[in-house]
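2 protein chains.
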Amino acid sequence: MNLFYLPGIDEGIHHLDVEESRHAVKVLRMSAGDQITLADGKGTWYFARITNADAKKCTFEVQKKKYFPKKDYSIHLAIAPTKNADRIEWLVEKNVEMGIDEISFMQCQTSERKNINIDRIEKIAISAMKQSEQAWLPMINALKPFREIVQIQADQKFIGHVDVTNPHHLKALAQPKKKYLILIGPEGDFSNGELELAQKNGFEKISLGANRLRTETAGMVACQVLHLINS
Amino acid sequence: MNLFYLPGIDEGIHHLDVEESRHAVKVLRMSAGDQITLADGKGTWYFARITNADAKKCTFEVQKKKYFPKKDYSIHLAIAPTKNADRIEWLVEKNVEMGIDEISFMQCQTSERKNINIDRIEKIAISAMKQSEQAWLPMINALKPFREIVQIQADQKFIGHVDVTNPHHLKALAQPKKKYLILIGPEGDFSNGELELAQKNGFEKISLGANRLRTETAGMVACQVLHLINS
Numbered sequence: 001m002n003l004f005y006l007p008g009i010d011e012g013i014h015h016l017d018v019e020e021s022r023h024a025v026k027v028l029r030m031s032a033g034d035q036i037t038l039a040d041g042k043g044t045w046y047f048a049r050i051t052n053a054d055a056k057k058c059t060f061e062v063q064k065k066k067y068f069p070k071k072d073y074s075i076h077l078a079i080a081p082t083k084n085a086d087r088i089e090w091l092v093e094k095n096v097e098m099g100i101d102e103i104s105f106m107q108c109q110t111s112e113r114k115n116i117n118i119d120r121i122e123k124i125a126i127s128a129m130k131q132s133e134q135a136w137l138p139m140i141n142a143l144k145p146f147r148e149i150v151q152i153q154a155d156q157k158f159i160g161h162v163d164v165t166n167p168h169h170l171k172a173l174a175q176p177k178k179k180y181l182i183l184i185g186p187e188g189d190f191s192n193g194e195l196e197l198a199q200k201n202g203f204e205k206i207s208l209g210a211n212r213l214r215t216e217t218a219g220m221v222a223c224q225v226l227h228l229i230n231s
Numbered sequence: 001m002n003l004f005y006l007p008g009i010d011e012g013i014h015h016l017d018v019e020e021s022r023h024a025v026k027v028l029r030m031s032a033g034d035q036i037t038l039a040d041g042k043g044t045w046y047f048a049r050i051t052n053a054d055a056k057k058c059t060f061e062v063q064k065k066k067y068f069p070k071k072d073y074s075i076h077l078a079i080a081p082t083k084n085a086d087r088i089e090w091l092v093e094k095n096v097e098m099g100i101d102e103i104s105f106m107q108c109q110t111s112e113r114k115n116i117n118i119d120r121i122e123k124i125a126i127s128a129m130k131q132s133e134q135a136w137l138p139m140i141n142a143l144k145p146f147r148e149i150v151q152i153q154a155d156q157k158f159i160g161h162v163d164v165t166n167p168h169h170l171k172a173l174a175q176p177k178k179k180y181l182i183l184i185g186p187e188g189d190f191s192n193g194e195l196e197l198a199q200k201n202g203f204e205k206i207s208l209g210a211n212r213l214r215t216e217t218a219g220m221v222a223c224q225v226l227h228l229i230n231s
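Keeping their order, the protein sequence lines are chains A and B.
For reference, each letter of the first sequence is one residue, going 1 to 231 in this note's numbering.
For reference, each letter of the second sequence is one residue, going 1 to 231 in this note's numbering.
There are no misleading hints in this set.
Now the in silico label distances, taken between C-beta atoms and shown as ranges:
| hint | chain 1 | residue 1 | chain 2 | residue 2 | range |
| --- | --- | --- | --- | --- | --- |
| 1 | B | Arg212 | A | Lys123 | 16 to 22 Å |
| 2 | A | Asp72 | B | Pro145 | 40 to 46 Å |
| 3 | A | Lys70 | B | Gln131 | 32 to 38 Å |
| 4 | B | Pro145 | A | Asp54 | 43 to 49 Å |
| 5 | B | Asp163 | A | Lys70 | 24 to 30 Å |
For the record, the hints were derived by calculation from the structure and aren't laboratory data.
These numbers come from a predicted model, not from an experiment.
All C-beta atoms, glycine included, are put in the ideal place defined by N, C-alpha and C.
Based on the provided sequences and hints, a complete structural model is requested.
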């Protein structure tokens with residue numbers, strides 16, 4: 001199945017954008033009468049039929065739609081961008097494939113990267129949503145300072161950090177069916193001040209096992225633990 | 001800590017190879033008297049002191065060593081190489097970081113890639129082992145036909161496949177402290193013949209959840225499930 005993404009469909013837009021039109025008509029060689037499936041990224045799939053296979057503005061008529069309710073838990077990952085942008089891009093791709101609700105980027109004291117290309121990250125998220133045939137597009141938030149990130153609300157709030165005083169694996173602390181927020185720090189780790197600020201704001205320190213993981217690996221493993229607790 | 005890899009150390013080789021010598025002396029600017037830690041990839045770390053900081057043949061003397069026993073479970077992943085070689089490379093990096101014992105590559109009926117650069121994959125595995133500070137280097141095996149892969153022995157053997165007759169999540173079937181072998185198929189999935197052959201050889205079909213995952217994501221999620229069952 002080829003899933004198309006069209007956020008405006010629920011507002012009555014019944015043609016693909018230029019890029020998706022080109023893909024449907026030139027790459028997939030679709031023509032009038034062919035069936036397509038569209039996701040609005042807000043939980044609904046639309047089953048439609050192409051009416052005009054224009055490579056710049058491919059029109060369709062909707063025949064049926066189906067709503068997919070959200071899962072009974074949600075994951076919000078806040079992560080420090082890695083020095084190497086590729087690594088954060090794959091983290092986004094993998095977490096969207098596995099299913100995530102919200103990704104925020106945070107600026108920490110030891111962060112090596114001070115900027116992030118949100119447009120590019122959003123494109124990767126859309127592509128992963130389509131590829132893994134999902135109905136919900138996760139919210140992607142621009143870079144914010146750590147002190148703002150720790151103000152975000154959730155049922156369970158975790159901060160990834162391994163030291164001798166912290167033997168708690170995320171698996172042991174997370175409860176099923178909650179709204180989770182998890183913070184994963186930069187290559188240089190969180191500063192003591194950041195750890196204290198997080199704990200003051202109700203975050204629990206968690207470990208992800210004995211191995212020393214890269215930032216992006218930790219961000220993926222943490223979400224995977226939360227999925228498994230709920231599966 | 002900078003961990004060096006030296007497989008021959010237990011046979012009495014007490015100098016770094018050209019690449020590692022250059023890294024120690026030119027990049028890390030180490031000199032005689034500096035402490036280094038070396039892994040032989042077979043469970044032992046050697047704590048040593050540099051005796052001659054030669055950028056081509058850096059010598060050292062061992063002062064102490066420490067053996068890390070293997071975990072009480074083992075994971076052998078057999079996976080079809082992806083069309084895009086990058087994707088299999090990151091799978092190797094991530095699985096080594098998280099801890100894996102053996103990776104085999106298998107040729108399936110619908111495989112799009114018929115070859116794999118094992119030297120490059122081994123370099124990635126060594127780099128990930130060093131980066132995540134481990135003592136064991138996983139065994140990496142060259143591409144073999146599917147019919148040979150299904151002959152490999154293990155306590156629990158799984159094949160990743162989602163269809164309506166297969167509601168079993170790996171999480172529900174895997175028991176702790178076992179020797180696992182898990183097969184993950186190519187983009188075009190296993191053929192019916194391959195699935196039958198696997199089942200005849202004692203493999204259980206497993207799912208990894210509702211989302212449709214890419215080959216390399218499935219290979220990583222499967223190993224992560226097995227780690228969590230044992231953590």
